[in-house]
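Trainee: Sequence:
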Amino acid sequence: MIPDTALPPQYDPTGLEDQLYRQWERRALFEPRSDLAAASDPAARPYVIMMPPPNVTAQLHMGHGLNLSIQDVLVRFERMRGRDTLWLPGTDHAGIATQNVVEKILAKEGKTRFDLGREMFVRRVWQHVEETGGAILNQIRALGASCDWHRTYFTLDEDLSRAVREVFVSLYERSLIYRGKYIINWCPRCLTALSNEEAEKTETEGKLWHFRYPLEDGGHITIATTRPETILGDTGIAVHPDDPRYHALIGKYAVLPLVGRRIPIVGDDAVDPAFGSGAVKVTPAHDPTDFEIGKRHDLPALDVMTGDARMSDAVPEQFRGLDRFVARKRVVAEFDALGLLDKVENHRHAVGRCYRCDTVVEPRLSDQWFVRMKPLAAPALKAYQDGRLRFIPEHRGAEYAQWMENIRDWCISRQLWWGHRIPVWYCQSDACKVISASRTDLVACPACNGPVRQDEDVLDTWFSSQLVPFSSLGWPDTSDELARFYPGDTLVTAPEILFFWVARMVMAGLEFMKDIPFRTVYLTGTVRDTKHRKMSKSLGNGIDPLDVVRKYGADALRYAVVSGLSVGTDLILDPDDLETSFGPGRNFANKLWNVGRLLLSHLDGPVRPLAGRHQDVIRKDELSLADRWIIARCDETVRVATAAYERFRLNDAALAVHRFLWSDLADWYIEVIKPRLYGEQPGGDVARAVATQTFDVALRLLHPVMPFVTEALWQRLPGHSEEDSISVAPWPPEDRRAADAAALRRFGSLQELVGAIRSIRAEYAVQPGHTVRARIATPSPDIVAVLREDASIVSRLAKLSALETGGADAPEGAAHAILPDATAVSVPLGDLVDIQKECARLGVELERLNGAIRTQEGKLGNQQFTSRAPQEVVEREREKLATWREQAGVLSEKRRRLGCPV
RNA sequence: GGGCGAAUAGCUCAGCGGUUCAGAGCGCCUGCCUUACACGCAGGAUGUCGGGGGUUCGAAUCCCUCUUCGCCCACCA
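Residue 2112 in this note's numbering sits at position 863 of the first sequence, and the numbers go up by one each step.
In silico DSS-like links for lysine-lysine, alpha-carbon gap of 27 angstroms or less: (1) Lys1800 x Lys1786; (2) Lys1783 x Lys1450; (3) Lys1631 x Lys1763; (4) Lys2048 x Lys1923; (5) Lys1544 x Lys1501.
Rather than coming from a laboratory, the hints here were simulated on the basis of the structure.
Required output: the full structure, derived from the provided sequences and hints.
Mentor: See the structure below:
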C-alpha cells in the first residue's frame, strides 16, 4: 500500500477506534469460522472464552473494563494463533437488581409495584430493559471487545428460559429440588428470600444483652442475646445437657417476661456452656440453630415479624407494628424497668446484609424452594481435585474447594416479579391438590383436570446464569454448535462471584452436559483507588471507562489495565489523576504512531522479505550488525511475549513488546539506520525491510493489548490494505534462525560505549550540536569489532568528530570512563569545554563556596550558637557545611584536571 | 474462630527453585523543540528489598517468628 504521508504527528483515537470497530464488525471477523470448523483435525478444538453477562441495565464500570480487557487480549491472541474462537456477549436479567431499579423509578412517580399489579409491572420492566439494555453492549464495543454479536443472548430470552424450565423440572423429578419450610435469609427491603451467598456477612460492633428470665418455681435463669426483639418469639430455653449448673432445671419452665408465656427448659448439645451464661433463649422462627433445637424438642415456631421487619400481631400490643430496631430498644428498656436486665457487653459479631441493598437480613421461617446441593457438588469438587479445573491464581482453588465441601442447600425461590417464574402448578381442587412441575405451561391439573395455579415466586437470577455456558448455545436442543463450543476453555471474572456463578456453572455443566464448562478460571483482582478502597458508586471513587476511552482511547485504557496488573493482584487506579494511570498507554500509542509515520514516509513500495521463497529475499550477508541485532531482539520478544500470553502473564507480554518497540526499535535501531533511510549511506532498502518487518511483528504481538492503533498502522504497511486485518493476521512464529547471540552481545557493547560517551558529554554540559573526539582503548574483541566495522554508528550516536583507537589518554587533560568490560574511553577536556572560560567560571564558583564555608565554620565554632541552638538545628548546619566542603572538593578536582592556574 | 495472600525507590508494581536481581513505568533533577514523536530525546539521583532470628560459601529470593494491611469462610446465642 502506498504510504499515507499525511498522517498527523499526534495519534488521535477519537473516531478512528469507532471506524475500525465497525470495519471489523462488518466483516464478521469475530464470528466463529466455518472454514476452521470444517478442518479435518478433530483435536483442534475451538477456543471458547466465557463472558460474564453484565446486568442488563447496568452501566460499564472499571471492573468490566478490567476483565473485558483481559478476555479480549486472550481471545485475540488465540484467534491470531489460528484457532476458531467464540466469545459470546450477553446480558443477565439480574432479578433483584433490575426490579429495584424500576421500583425506584416508580417511587419517583409515587407508585409501588403493587399499585401496578404483577402483569403491568413486568411489562414496565421489559420496557425499561428495551430502552436501556442495549447501552452496555455498545459500551463493551467501545472497549474494542472482539465478541460475536450475532449470537448475543439475554437470560430471559425464550431459548434460555426453556433451558431453565428443563433444568428445574429435571432436578425436581429427581428430588434434587424440593420445597420446604426453613429458616432463610430474608431481605425486609427487597421483600424476598435470599441465598446464603446473597446475605453478605459483615463484622459488626454490636451488643450482647444479658437478661434474667424468672423461673416458674422461683429464681431466675440468665440468657444472652444480640437481638432482644426476638425474645417476643421465644418458645423455650436451652442448656447443655451435661452442664452441672443447669442440670436440675431441664424439664422445668420459665416465664417469658413481657409476654407471660410459659416456656420449657430443654437440654441440647448445640449449646456451648462456655459462651455467655451457658443458657440460650430459643426462637425457632427467627434463628437457624433455634429452629433445629425447636424441632428436636417440639417447641413451636412463633413468627413475630412481618415481611418488612415490623413486629407482628403475635406480640404484645405495645410492640405491634414497631420496626425491629425500635422494638429492640423498647424490649431492652422494659426489661431494664423490670429489673431483669443483667448486663450489656460490647460484642463483635457477623451480621448478614442484603448484597443488593445492604439492608440487615432477617433470618425468617418460610416456605421456599431449594436445590439439594451435595450430590451436585461432589463431581464439581472432584473436577478441581483431579486438576481438570484450574484456577488462576492457583490459591483461589482452595476457596472453591472449601465452599464445595461445606455446601448447603440453595434457596432458589425469590418473592419477586421479575425473573423466571417457578414452573410449578398447584391443583386447586380440594380432592386432588397435586403439585406439578412442568416444562410447558399448565392450564389444568394433569391428574384431575381441575383448575391450577402457578407458583407466585421467581427463580434466583443465578439459577439461569449458571446455565449460560450451554443455554446460550441452544441447549436443551442438541446442535453442532453446542457440540463444537462446549466445553469451553477460559472464564475470566471477578472473585466476588466465585460462588454465585462460577461454582454453580461447574455443577450445572457437569450435571447436564457431563463436562465442566471451562478448564481455566482466571479470577481478576479488584479495582481500587489509591487509598486501596474498592471503587464503587456509593463511595464516588469510580472511574468511568467510557470517559477514559473518550479522553485517552480504548488502547490506553487496555494498556493501563494489562501492564499494571500481575496475575490476580488488585488494580490500583487514581480517580483524581487519570493522567498518571492512562497517560502512559496514550503515550505508547502515540509513539507507535510516530514510528509508523517515520517508516511509512520512507517507503514508496513493497519491501523485500527477510525470509521465504521469493527471489528477492534478503541474504544474511547483506545485514549489518544493527540489522542482525534488531532481528534477534525481535525474535526474543516473540518468544517472551508468546510464552507470557500463554501463561496469562499479560503484563510481562505487554512490557516485553513495549521494551522492544520503544527502547530497541525506536531509540536505537531507527536512530542507527537513519543515514541509510535518508540515502546518506548504502543499504537503505535492507534497513527499510528490516525495520518494517520487525515493526510488523511487534504490532502483531501487541495487537491483543492495543487493537486499534496496531490495526491502523498495520493496514498501512506494505502489502496490506483495509481489506486485511491484523486481528486475523498470523501470530509471529519463533524463528530459531534469527537467534544471534554474537549480534546481541556486540550491539550491547556498542550501546554501552555510546552511553559512556554521552555521559561524559552530559557531565560537561556539552551542547547537543557540538562534536568531540574520543579515544578508546579496549581489551574486548566485541568493541574492537565495533570500532572496526561500526565506528560511523558510534560517531553518529555519540556526536563524535573523530574516533581514535589505541592507548587512552591518562585522566589528566581528558574526561575518562571505564566500561564493565574494562574498555577505557576518554575525551579531551578541550573538546568538552573552553578551558580558560571554564577555569574562570569554576574559580568564581569555588571562591564563593569557600567564602560560605568560612562563614559556616565561624558559626559552628561559636560556642554561643552550638550551646544555645537546638540540637537538630546545629546538626543541620553541620550537614550543610559537609555538603559545601564536598562540593568545593569536586570543583577543585575539576580545576586540577583542567590544569587551571592555582 | 478457621483458611489464604501481601509487605521491594515518593507512587503503582516486576523480580517465576539461591550465583549478571536490586529493576520498570510514573514522579523528581540537569540539558535539549536534534527535519517521527515535548504524549518527545539524552543524561542523572533515589531503596539497611516490613522487624528479628535461622539455614548456607552466598538470601529480596528458602525456613521460623513478630508487626501491619487485605481476602475468603464461619449458626457461639
